[in-house]
Amino acid sequence: MIEDKDIIQLHPPKLSSADKLYVSQIAAGMKVTLKHLLAKPCRSLQYPEQKREQRVDNYRGVHRLNRDPKGRVACVACFMCQTACPANCITIVGGEAPWDDREKYPVSFEIDELRCIYCGMCEYACPVDAIELTPIYEPVGRSREEMIYDKDKLLQIFDETVGTKKRKNPKITGYELTGDRSAQGEGTARIQQAEKENENK
Amino acid sequence: MIVELLQNQMVFSGLLALVVIGAILGGVSYATFFERKVSAWIQDRSGPNRVGFFALFRNFHFWGLGQPIADGGKFMWKEDMIPHHVDKPLFVIAPAISLIMSMIGFVIIPWGGLLDVDGKLMHVQVANPDIGLLYMLGIGSMGIYGVVLGGYASNNKYSMLGGMRSAAQVISYEIPMGLGILAVVLTCGEIRLESIVAGQAETGIWMAFRHPVAAFIVLVTLFAETNRLPFDLGETEQELVGGFHTEYSSMKFAMYFMGEYTHMITGSAVFAVLFLGGWDVLPFVSVPGFRLEDHGIISMLLKMGVMAGKVAFFIFFFMWVRWSLPRLRYDQLMRLAWKGLIPMSLGVLVVVVVGLYYQVHDKLWFTLAGNAIVAAVALIAVARSSTPITGRQANMPVTSSAGICGEEVVG
Chain A
1 MIEDKDIIQL HPPKLSSADK LYVSQIAAGM KVTLKHLLAK PCRSLQYPEQ
51 KREQRVDNYR GVHRLNRDPK GRVACVACFM CQTACPANCI TIVGGEAPWD
101 DREKYPVSFE IDELRCIYCG MCEYACPVDA IELTPIYEPV GRSREEMIYD
151 KDKLLQIFDE TVGTKKRKNP KITGYELTGD RSAQGEGTAR IQQAEKENEN
201 K
Chain B
1001 MIVELLQNQM VFSGLLALVV IGAILGGVSY ATFFERKVSA WIQDRSGPNR
1051 VGFFALFRNF HFWGLGQPIA DGGKFMWKED MIPHHVDKPL FVIAPAISLI
1101 MSMIGFVIIP WGGLLDVDGK LMHVQVANPD IGLLYMLGIG SMGIYGVVLG
1151 GYASNNKYSM LGGMRSAAQV ISYEIPMGLG ILAVVLTCGE IRLESIVAGQ
1201 AETGIWMAFR HPVAAFIVLV TLFAETNRLP FDLGETEQEL VGGFHTEYSS
1251 MKFAMYFMGE YTHMITGSAV FAVLFLGGWD VLPFVSVPGF RLEDHGIISM
1301 LLKMGVMAGK VAFFIFFFMW VRWSLPRLRY DQLMRLAWKG LIPMSLGVLV
1351 VVVVGLYYQV HDKLWFTLAG NAIVAAVALI AVARSSTPIT GRQANMPVTS
1401 SAGICGEEVV G
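Going down the list, the protein sequences come from chains A and B. Note that the working numbering numbers the first sequence so that position 196 is 196, with each residue one more than the last. For any residue, its number in the working numbering is found by taking its place in the second sequence, counting from 1, and adding 1000.
By construction, these hints were calculated from the structure, which means they are not laboratory data. For every residue, glycine included, the Cβ atom is placed at its ideal position computed from N, Cα and C.
Simulated restraints, written as ranges between beta carbons of each label pair:
{"id": "1", "chain 1": "A", "residue 1": "I8", "chain 2": "B", "residue 2": "A1383", "range": "26 to 36 Å"}
{"id": "2", "chain 1": "B", "residue 1": "W1063", "chain 2": "A", "residue 2": "G163", "range": "33 to 43 Å"}
{"id": "3", "chain 1": "B", "residue 1": "E1239", "chain 2": "A", "residue 2": "G163", "range": "49 to 59 Å"}
{"id": "4", "chain 1": "B", "residue 1": "W1063", "chain 2": "A", "residue 2": "Y137", "range": "21 to 31 Å"}
{"id": "5", "chain 1": "B", "residue 1": "L1025", "chain 2": "A", "residue 2": "Q156", "range": "47 to 57 Å"}
Starting from the given sequences, assemble the full structure and let the hints guide the process.
As structure tokens, then:
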């Protein structure tokens, strides 16, 4: 039960004589708008001519398939990304690798960029950091088929963007040939430490 | 041959009508563009700046000046829907009434005094009837038929409400407008617009200096008359969807749109003629080329330019106000007209009539003093009143919570 004494009554401030005239208030408002009108502090970005500064590290745009230092596709066809993908846009056909250092490699690797929701789960799932999202946000195509990017296209995107966005080093596995271990990140160090502890046990 | 033809006022007026109607239609299309630009600048945006004229220049957009043409094309090619439930003849004719009534208003505007065509003086005015101002008032009120009929014919509650609101609003605001204009008419003793301008140009004292209060009242009613914010109660997108033009699409909607902007142009022109000396460029001084006895073609063009400049300023003013002020609530709108503007305009009228009785109505000191008294009385009355004419309202009475909740509610 709410008592009358518990009710807090809020009253708007009393109108002064100037407020009641309304005219002075109108003049004040018009002055504000005129100031903006004359100053024109336009905050719009004229898009095709001007583009926003890219957030290279964390922007989730079109995918790329990374190459290892020998220029081969870094993917080991483990299907982790395909499994993780919530939009089912990745299709991998795996095959026996022609190289000695790994067992499998993707014979074909297709991503439907129209189905993709750019969530980045594939990048998160990849054990060898072979698939990554780039800052490219304006992919275009004339047909739906054209927007299904195959392995060559994805590797080509890597070649185009590797200058602006360096390839991450593999963090989860110690996969030797896919990158330079000296530049490993903090996460890898922690995983290695955990592995050592396991071995000690 | 051509000179003889031009010496015929009928031919001259016809030519002038063609020129002016072209200018007004062009002005209307660019007013819509300018409206968007002004709104953008006020809101710190850049506004339409993409549509140019030629696909040739891919990287030069002519500052978006092609936008009105694109807009027009869009309206042309849109589907023109006539819903099943409407009153078809009225539905079709209503936008036409709105547009035509605002388009034929301009004929009595004196754009540039007199022109000397080989010794014969021609009126730079499409028509110069003796009843000039009455025609203007009549046509201005007819325009509301388009809105009311559109709202009625749409057979839609929103449209109906919009139309009814507009009708009541225009009727209410026509009274102070008529009274304010009456003050001008009584002061200069003329109802012919050309003579009203001539009177102001001759003495150099514009009516806005003689009757500032009347000028203010007529300016405010002009907003209501053209259905512009803060008085666009017929449209009120937020509460009535689109008001009277909810059911309209394509060119029919565009006709309402053009009607509104044309009304703005003619309304501004009438205000300039009545209160700002028409084609007179500067008050209180006589500028060569702008004198009453200058009849040359250059002088005419200069005068028309000044007139166009005044109209352009008022169009900007309309937009500036529109993007600055919120809409009035309907009761506030009515209170402003009936309790604010009508008593004030009656006061001005009383001043003028007293002046007429004592033969001092054309003395500047008298009209100024009279207007000052009216303004002072109005300001004091409003400032001392407990309920303001507009603005924040009195508090709602707070009901006791016990009365609402009752005994059954256990805390």
